[in-house]
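**Q** Taken in sequence, the protein lines are chains A and B.
In terms of the working numbering, the first sequence opens at residue 1 and continues consecutively.
In terms of the working numbering, the second sequence opens at residue 1 and continues consecutively.
Please keep in mind that the hints were generated in silico from the structure rather than gathered at the bench.
The structure displayed is predicted, hence computed values, not measured ones.
Quick reminder that beta carbons are idealized off the backbone N, C-alpha and C, glycines included.
Don't take every hint at face value.
As the list claims (entries may be wrong) - Computed cross-link-like contacts, BS3-like style, restricted to lysine-lysine with a CA-CA straight-line distance of at most 30 Å:
1. A:Lys268 - B:Lys181
2. A:Lys328 - A:Lys301
3. B:Lys232 - A:Lys270
4. A:Lys321 - B:Lys232
5. B:Lys133 - A:Lys321
Stated by the list, open to error - Incomplete in silico selection of chain A near chain B, CB under 10 Å:
6. Asp48
7. Met86
8. Leu90
9. Gln196
10. Arg198
11. Lys200
12. Tyr209
13. His215
14. Gly216
To be verified - Distance windows between CB atoms, simulated:
15. B:Ala195 - A:Val281: 32 to 42 Å
16. A:Asp308 - B:Ala70: 58 to 68 Å
17. B:Gly250 - A:Pro269: 44 to 54 Å
Given next are the chains, with one letter for each unit.
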Amino acid sequence: MPSSAELDFNAPQPTEAGDKPAGPPPFESWGRYPEYNAELKQLHWQGDYPRAIDGVHHGALAVGMGRSYGDVCLLKDGTLVQTTSMNRLLDFDPVTGLLTAEAGITLAQILDFAVPRGYFLPVTPGTKYVTLGGAIANDIHGKNHHHAGTFGRHVTQFELVRSNGERMHCSPSSNPDYFGATIAGMGLTGVITWAQLRLKPIVSRMIDYQGIQFHGIDEFLDLTRQAENIEYTVSWVDVTSTGKNFCRGIFMQGDHSQVPAPLTVSGKPKLTFPMELPGFVLNGATVGAFNSVFFNKQMKKRVNTLQDYEPFFYPLDAVLKWNRMYGKRGLLQFQYAIPWEHAREGTIAVLQAVAKSGLASFLAVLKAFGDVPSPGMMSFPKPGITLALDFPIKPEKSFALFDRLAEMTNEFGGRLYPAKDARMTSAQFQAFYPQWEKFARYKDPALTSGFWERVVGGQLGVRGVGK
Amino acid sequence: MSTEPKTPVVEEQTLPLRTPREASVGEVAAEQPHGPRRILVLGATSGIAEACIRLWANRGDALYLVARNADKLAVVAADARTRGASHIGSAVANLDNTGEHAEVLAHAINSLGGLDVAFLALGVLGDQGDAEKNFAAADQILHTNFVAPVSLLTWLANYTAQRHAGTLAVLSSVAGERGRKSNYVYGSSKAGLTAFVDGLRNRIDREGVRVMTIKPGPVKTAMTEGMKGSAKFADVEAVAASLVKAIDRGDDVVYVPGIWRVIMAVIRVIPERVFKKMNL
């Protein structure tokens, strides 16, 4: 390994997993639940894998920024290979917008490069601190799902390295089965070393933004229909209110401004959430108050403005480590997609169950998914309504609510999003994703995750993590 | 898989020259105060060097990169090219072979069309335990970290002094300031290098050549991975940002992060009868 001149102030002492039962785990997911110890290794070069997992007995998993909420990016007592040092740009065509980069590059780093050159991500989630590899592995979606589909639709090719050392070039025409299994494949089919993505042209950082208040699911559905030709739509919904305020919210829509304006690089965030809040701070009263303030912050029925893309897409990225707000126990996310057939009744039923439970959800996000298909075999979105909620973890209460919501999702023909899950059962997973057995054929035998062990592990007879 | 060339080879990959204005857009180009600089990086795949290369490429500098491993060099060069370096040349070479230095350096300067900065980032951490038992291991550390840079600097000093221009930026280490039991072989190679570079500055600064002794504290890179406390080491991007500025200015002695100037001042004054009993 080439090296630079730095001080070795302490003799090299590789940290061994399992040596330290106490202390924080070396790698956490964004929900900070569950907490698993693991060995964490860095991949600096494409050639470092699979050498990095030589002699590993307890399974391995590639991880990036740890922005998925549950256990798709964790592996109890296993080996995590982190890709974030493998973040080089490899090629960019300024005419077609085709960008090739190593898989550990973050969407933030891609934006820093692309925006001054007049390009933007074809699909972006609500945080830019995810890696390219993670975006593919979870086949992430954004506010333009009804136009652009998922992230995987804009990936033209990538390299997949298997634990036996085989390096596979994957695209819709080369190893198409592995291409489809790896998009939304939760990192289980191999390690992506580099990928190519088609960016889209922009002429301004600004978004033509409109915020519209709505009351009730039917107003939300009307606004969704009216916004069919608008690229980005998403709604914040107040899940704490009942009665006449039930399902009130703000429908947010926007398009990239077509008026040329300076394409500068974004500044770096300056705020970091300073500490873990004690669990009692987020309760029904404080979250209800927050929701009221958020709703009434927009005084008018409708607001039109030009807004920078940072607050439009990444409002929470302005505060680093905001998950500390949820305290030591962390948070649980819940996100379903329910098909149109039952979308309306399902959403009402779930929102009623949440309101009745009195368990606070700060951020409830409602959106209609479109019908653009994903190349990913295990992709989460499907045409209908998606609702994302998050709750501070209060073991007895929030787990019971979660399990009820998961069952309701199943009854309404919907499914949950593995990247935001820490609770779905094996039976639920297999009902949500009946294609899982076909997918399992493409799984790399050396790779697994906390999620996979939980929902499938027992059945396949692979290494059980629960012990 | 990566292939480590058994015999050193010199390869040339020169791309068509683009003007820096084409290569870097908007603010990126505006950051460059002097127009594009012609920068030679020796040991281009080291963590600190690569982070500097990204910043130089972002502002459209002309780069020539030398490293041992062809696969690693190829992706570092691709990254710099994509970011908008106005020129990329590269050579795969094992700089332990001092006999090849003249050829590699002449090639680089011809490719760049001159030289504004030479950044020497070659070096190995080595294994202190091995080096204690086995002179060959110690010899290897001394050769890569001290003998090879001396050979390169001898050639580069004569070239730049003749022209009364240029910056020779040399990556040494705070480890060279005082020998410690945990890494005195590495430390002594850097102590030798520091003394050589300081002396060279004394000789050719008056000729108009900036000679820089750069002393990083522990930095989070591939080299330091797995060391105790490495999570708290300095962030390589921040280190590179201060180095790029320091190299633009041509500072004499640079500690990065700056706090190490203070830390080392304290460590240097600890009386030896105390120091020899410490576990550092």
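**Q** Was the hint right that Tyr209 of chain A lines chain B, CB cutoff 10 Å?
**A** Status violated, d = 24 Å.
**Q** Taking the closest Cβ pair, is Gly216 of chain A under 10 Å from chain B?
**A** violated (46 Å)
**Q** If you check the beta carbons of Asp308 of chain A and Ala70 of chain B, does the distance land in 58 to 68 Å?
**A** 43 Å Cβ-Cβ, so the 58 to 68 Å window is violated.
**Q** Just to be careful, I want the Cα atoms of Lys133 of chain B and Lys321 of chain A compared with a cutoff of 30 Å; is the pair within it?
**A** Distance of about 46 Å is beyond 30 Å: violated.
**Q** Please verify whether Lys321 of chain A and Lys232 of chain B have alpha carbons no more than 30 Å apart.
**A** With Cα atoms ~17 Å apart, Lys321 of chain A and Lys232 of chain B stay inside 30 Å; holds.
**Q** Was the hint right that Asp48 of chain A lines chain B, CB cutoff 10 Å?
**A** holds (8 Å)
**Q** A closest beta-carbon separation below 10 Å is what the hint needs, so does Leu90 of chain A meet it against chain B?
**A** holds (5 Å)
**Q** Going straight from one Cα to the other, do Lys268 of chain A and Lys181 of chain B come out at no more than 30 Å?
**A** violated (40 Å)
**Q** How about Gln196 of chain A: closest beta carbon in chain B under 10 Å, or not?
**A** violated (12 Å)
**Q** Is 44 to 54 Å respected by the C-beta to C-beta distance linking Gly250 of chain B and Pro269 of chain A?
**A** violated (33 Å)
**Q** With a cut-off of 10 Å on the beta carbons, see whether Lys200 of chain A makes it to chain B.
**A** violated (17 Å)
**Q** Given Arg198 of chain A was flagged as interface, is its beta-carbon under 10 Å from a beta-carbon of chain B?
**A** Not OK, violated: Arg198 of chain A not within 10 Å of chain B, min 16 Å.
In this structure, the earlier hints numbered 1, 2, 5, 9, 10, 11, 12, 13, 14, 15, 16, 17 are contradicted, and the remaining ones agree with it.
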